[in-house]
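Number of protein chains: 2
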Amino acid sequence: MAEEKVDIGITVKKSDDFSEWYTQVIQKAGLIEYSSVSGCMIIRPWAYSIWEKIQVFFNKEIKKRGVKNAYFPLFIPESLLKKEAAHVEGFSPEVAWVTHAGDSKLAERLAVRPTSETIMYEAYSKWVRSYRDLPLRLNQWCNVVRWEFKNPVPFLRTREFLWQEGHTAFASQKEAEEEVYDILDLYKRVFEELYAVPVMKGKKSEKEKFAGALFTTSVEAFLPNGKAIQGATSHCLGQNFAKVFDIKFLDDNKQSQYVWQNSWGLTTRSIGIMIMMHGDDKGLVLPPKIAPLQAVIVPIFYKEKDKVLEEAKKINDLLSTSFDVELDSREEYTPGWKFNEWEMKGVPIRIEIGPKDIEKKQVVVVRRDTGVKSFVPVAELQNTITKTLDDIQNNLFTNAKKLLDSNTVETKDWAEFIRAIKDKKIVYSPWCGESECEECIKDKTEGAKSLNIPFNLPKKITEVCPQCGKPAKVWCYFGKSY
Amino acid sequence: MAEEKVDIGITVKKSDDFSEWYTQVIQKAGLIEYSSVSGCMIIRPWAYSIWEKIQVFFNKEIKKRGVKNAYFPLFIPESLLKKEAAHVEGFSPEVAWVTHAGDSKLAERLAVRPTSETIMYEAYSKWVRSYRDLPLRLNQWCNVVRWEFKNPVPFLRTREFLWQEGHTAFASQKEAEEEVYDILDLYKRVFEELYAVPVMKGKKSEKEKFAGALFTTSVEAFLPNGKAIQGATSHCLGQNFAKVFDIKFLDDNKQSQYVWQNSWGLTTRSIGIMIMMHGDDKGLVLPPKIAPLQAVIVPIFYKEKDKVLEEAKKINDLLSTSFDVELDSREEYTPGWKFNEWEMKGVPIRIEIGPKDIEKKQVVVVRRDTGVKSFVPVAELQNTITKTLDDIQNNLFTNAKKLLDSNTVETKDWAEFIRAIKDKKIVYSPWCGESECEECIKDKTEGAKSLNIPFNLPKKITEVCPQCGKPAKVWCYFGKSY
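From first to last, the protein sequence lines stand for chains A and B. First residue of the first sequence? That's 1 in this note's numbering, and the numbers climb one at a time after it. First residue of the second sequence? That's 1 in this note's numbering, and the numbers climb one at a time after it.
Isolated chain A, as found in the complex (with noise of 0.2 Å):
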């Protein structure tokens, strides 16, 4: 069995090597495997039912908000794509452009959406009329590419990634901001209660704020590795877009008016958030939400097999009704490999079951979270998985919060707030706000960028921004971040 262990485990330990850690994780336990095209990966079942979770939750939510799903083409042509600047600046150096069909030159170049906010528009302004078609609520699950040239990481940063996009038009500044914010609550409770990752909200800043759009509000995660990352996005997009698709109404006064727009998205970069997040030595540590499979039964039959085989699938029957759960029966393997192969799963709980446990009517529990073993009588097993379940969803996340919490720096001072970045912290700070010193804090930092600034700030800032020295407009956090 040490064999097995030395051949299916991880070969370094996370806080020893973290992005060897990372890269052995997602494909030992199954989540990803690389494809021929550099930068694009294959999502394997394991990791893409984490997916199909996320996505029954935020269904549900958006379609209570009156969120209709639809699809819109993958292909936008190149003058559409332009039609809005800062827009397309800021996408079109990672388009991906379609320039043939089968051996014939197509007469305008298409690029393979990096976004849709384009293509959608120039429908909107065809279904737009009057008061009575606002507001009109879309959102669509798809791949999107974006051909970046940096280093690929899984999940993190690939170039082709599924995400939702939902793309609204309201009649009022009023509804389109509230809308806004709403979302970007639904994204919070995304990352804290699925996947049991704290996360900050606020707005970015003018820099980091999406090509096009009049603010972007965003959840940002901090990751063991000392390193910042965007989670989601919620953009308001003013009247940019309106303004160029010519998507207007006539209001209930029959006068007409351009609508007001936000865009907002969650990526399947959320996976390797958590998987980096709660991931351990031994591999992946799934938070329960979010399992494909909460439990695990592991049958021990050296001997009594038919005796303990039944008992299991009782136990089975037992906690399918109510839990994610499998019976792993298969006869080719130890015990020991499939609690290895269990862990590297990262399964939150697995059950096992030999005939000393029959004998006395109860099994054994084992936590992915803490490795933490008990004695179950069956009678009680409904509950105390129930119960446990629970425990290690609460128990990751606090943990999570309180890695984010001892990361995270205030400061007013300009030499803390380099010493901190250099110690891989977020820094919160009073800061001026300008794209300017943004960029001063990123040269003198050797790369911290401005993560979000919160909304609950004090009504009166009279801090000065630590790196430039002018009054401070606001605080913020800072980091480095992927």
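Some hints could be false.
Unchecked claim - Each computed BS3-like pair below joins lysine-lysine, with the alpha-carbon atoms no more than 27 Å apart: (1) Lys64(B) - Lys60(A); (2) Lys68(A) - Lys60(B); (3) Lys60(A) - Lys68(B); (4) Lys64(A) - Lys307(B); (5) Lys254(B) - Lys28(A); (6) Lys338(B) - Lys68(A); (7) Lys68(A) - Lys307(B); (8) Lys422(B) - Lys402(B); (9) Lys28(B) - Lys248(A).
Hints listed in this document are in silico derivations from the structure and should not be mistaken for laboratory results.
Could you slot chain B onto chain A? The hints should help.
What follows is chain B alone, placed relative to chain A:
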């Protein structure tokens, strides 16, 4: 109200100008919008939610069978696509090619996937080592692109479409073939039980089989305009791809073997088939099992508005627990306008409630398929709705089945064969099965193709092929087809 009706109604009869009728229905019912990329359509929420219902059913069924969902890259390097000779010959005339990313020319052209055999099987060869790794059964829901140069027909023939593609590998031919037929049965159920469209199961001719397959099975439908159409296909790929992509396993005798593979797909084309089948001169007619809304409640409030609205809300709450139902309480539209709109959108049942109905503790229930109106006591409403939805589902299927049966001509005579094709019928005829003969049939009938060869053929076929006079090997369906 007459004015409004003209404005939103279909202006041609289905029987007079089928093509124009279809074009109007898909737009006026809010299913499709054209985009600025020729041949690429926007699938609007009303159509997309039908697709979501298909996904729920199909996912449940395949997951029950042990198939898992995954996601493979959109792009396939040219060299990879070209590995299987028959396969590339079938697809390359329709491939959209990515040649540039940003300002850089790519070293190798990338195909936008027309189907994913090659990109998936490259990975399968890494994953399959031993009989323990089999069966390997994956599915993905995604977009694919086939740059056809024929006229696009929304849903039926578009350059980008959505589908599921299942790709599986087995240790034995027997297991693989069993799956081919099992999945074909599932497709039959999708068409017959959900879409209420009767289909013919069978095997494709050599000429019409999938590029690279050992054999192809299909379900075929017959449309009211006299055209047949392929509904979905389930292919046995044999060991063709396994040999090209070197997908081998050690069997339990430690012998190296090639796997047996299948692939199978169902596309958004199926939505178009359903629309064409059931729609009428008032617009779309939706089978209850895939309707985004099964019933709509229209309050009639010329007077006593608050009271009517309150009762309507009660009815809505009552029905919401069991059905997909919506209360259309919009005040800016008249009841007549709403009737027309919901008829256009094909909602199976309309429930009207006005002051007089409230007095009598009843509502008016109107069926979309027959137009039949009945007064139903509120106390009986849930049962009546359940029963009526069943009736509508069955009625639509029965009508479509009659259409199919009355348009299928069984003949052994060549003159009758030609006449029947000219009369826009399906022909069921003995056949030699040869590709050369199939070409002759196509020429002599101005376009009829073999549809498929049913599985339940008589053991001994004594007839001759009516076209070429050679001994028939099978009976086969022929028709003009999309």
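Enumerated hints in conflict with the structure, sorted upward
Structure breaks hint 7 only.
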